[in-house]
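S.K.: Numbering (the working numbering) for the sequence shown: 22 to 166.
Just so you know, these hints were derived from the structure itself, not from any lab.
Treat each hint with caution, since some may be false.
[What the hints assert, rightly or not] With a cut-off of at most 25 Å between alpha-carbon atoms, the simulated SDA-like pairs for lysine to any residue come out as follows:
1. K47 - E61
2. K47 - L143
3. K47 - D100
4. K63 - A137
5. K63 - L53
6. K47 - T138
7. K63 - P149
8. K47 - S107
9. K47 - L111
10. K47 - R134
11. K47 - V98
12. K47 - R110
13. K47 - A112
14. K47 - P105
15. K63 - R141
16. K47 - G144
17. K47 - A137
18. K47 - A119
19. K47 - D103
20. K63 - I142
21. K47 - E99
22. K47 - V131
23. K63 - H148
24. K63 - G144
25. K47 - R102
26. K63 - V50
27. K47 - L57
28. K47 - E59
29. K47 - R141
30. K47 - G132
31. K47 - Q62
32. K63 - P45
33. K47 - D108
34. K47 - P149
35. K63 - A112
[To be verified] Each pair of labels, with its calculated beta carbon distance range:
36. P105 - D58: 21 to 27 Å
37. G69 - D90: 31 to 37 Å
38. L83 - R141: 31 to 37 Å
39. I68 - S94: 33 to 39 Å
40. E84 - E106: 24 to 30 Å
Please read all numbers here as calculations on a predicted model, not as lab measurements.
Every residue gets a Cβ at the ideal spot worked out from N, C-alpha and C, and that includes glycine.
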Amino acid sequence: MLLEGGPRGRAHSFVAGDAFRGSPNKDDVPRLLEELDELEQKLIAQIGSDPLPLAIGPGTPLERAASRDFAFSNLVVEDARDLPESDARLARAVVLFANGESVCVAVAGVGVRKLATLMRILGRPVHPHPVDDSTVEELIDRIYE
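Just need the whole structure built from these sequences, with the hints factored in.
M.R.: Here it is as C-alpha cells:
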C-alpha cells in the first residue's frame, strides 16, 4: 500500500488509481438511463419500492467519518460546479470529481430515480458515493457560497 498526496498535496482515501477505468462514457448515457428505468420498474413491481435508499449509506460513526473524509479529500470545486446549485440542493448531491467522461457524486439517499436524474442533468455516467445529509449540506455550502 502506497500513500501519496493528491495533485495539490491533499491526501486521498484508499481508492485504487484504476478504480474507475473501464467506466461507461457519455455515449453510454442513453443506454444506462434505459437500464435504470427498467430496473426501477422491476423493483417497484417486485417489492413496491426502490430498495437502494434502505441498503446504501453510511450508518455507523466510522462509516460516516470515512465517507465524509473521502468526499472532502476528493472534492474538485470546478468539477462540482458542473451541477447547478438548485439541482444539487434538490437532489441532495454534489459532484466530487470527474474521471474521464464519468463523475463521482456524493449523494445522500441514493436511489435509482435519483441516479437517473443526476445522469440526465449532467449528461455523464454517475458513480455514487453515499454520504449523510450533513456532509452534503457542508459540501454545498463550501461549493456555492
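S.K.: It remains to establish, for every hint, whether it holds in the given structure.
M.R.: Quick rundown of the hints versus the structure:
1. K47 - E61: holds (21 Å)
2. K47 - L143: This hinted pair holds, its Cα atoms lying about 10 Å apart.
3. K47 - D100: holds (16 Å)
4. K63 - A137: OK: K63 and A137 at ~15 Å, within 25 Å.
5. K63 - L53: holds (15 Å)
6. K47 - T138: Between K47 and T138 the Cα gap is close to 15 Å, so the pair holds against 25 Å.
7. K63 - P149: holds (21 Å)
8. K47 - S107: Holds, at roughly 23 Å.
9. K47 - L111: holds (23 Å)
10. K47 - R134: OK: K47 and R134 at ~19 Å, within 25 Å.
11. K47 - V98: holds (21 Å)
12. K47 - R110: holds (24 Å)
13. K47 - A112: holds (21 Å)
14. K47 - P105: holds (19 Å)
15. K63 - R141: OK: K63 and R141 at ~20 Å, within 25 Å.
16. K47 - G144: Distance ~7 Å between K47 and G144 Cα, so the pair holds.
17. K47 - A137: holds (13 Å)
18. K47 - A119: holds (12 Å)
19. K47 - D103: Satisfied, since the Cα-Cα distance of roughly 15 Å is no more than 25 Å.
20. K63 - I142: holds (23 Å)
21. K47 - E99: holds (19 Å)
22. K47 - V131: holds (21 Å)
23. K63 - H148: At roughly 21 Å apart (the allowed maximum being 25 Å), H148 and K63 satisfy the hint.
24. K63 - G144: holds (24 Å)
25. K47 - R102: It holds: about 18 Å lies between the C-alpha atoms, which stays within 25 Å.
26. K63 - V50: holds (20 Å)
27. K47 - L57: holds (15 Å)
28. K47 - E59: Roughly 19 Å separates the two Cα atoms, so the pair holds.
29. K47 - R141: holds (11 Å)
30. K47 - G132: holds (21 Å)
31. K47 - Q62: Holds: K47 and Q62 sit about 24 Å apart, inside 25 Å.
32. K63 - P45: Between K63 and P45 the Cα gap is close to 23 Å, so the pair holds against 25 Å.
33. K47 - D108: holds (20 Å)
34. K47 - P149: holds (16 Å)
35. K63 - A112: holds (23 Å)
36. P105 - D58: 21 to 27 Å: Check passed, 23 Å falls within 21 to 27 Å.
37. G69 - D90: 31 to 37 Å: Since the Cβ atoms of G69 and D90 sit about 35 Å apart, the hinted range of 31 to 37 Å holds.
38. L83 - R141: 31 to 37 Å: Between L83 and R141, where Cβ atoms are some 34 Å apart, the hint holds.
39. I68 - S94: 33 to 39 Å: holds (36 Å)
40. E84 - E106: 24 to 30 Å: Hint holds: Cβ distance 27 Å, inside 24 to 30 Å.
In this structure, every one of the numbered hints holds.
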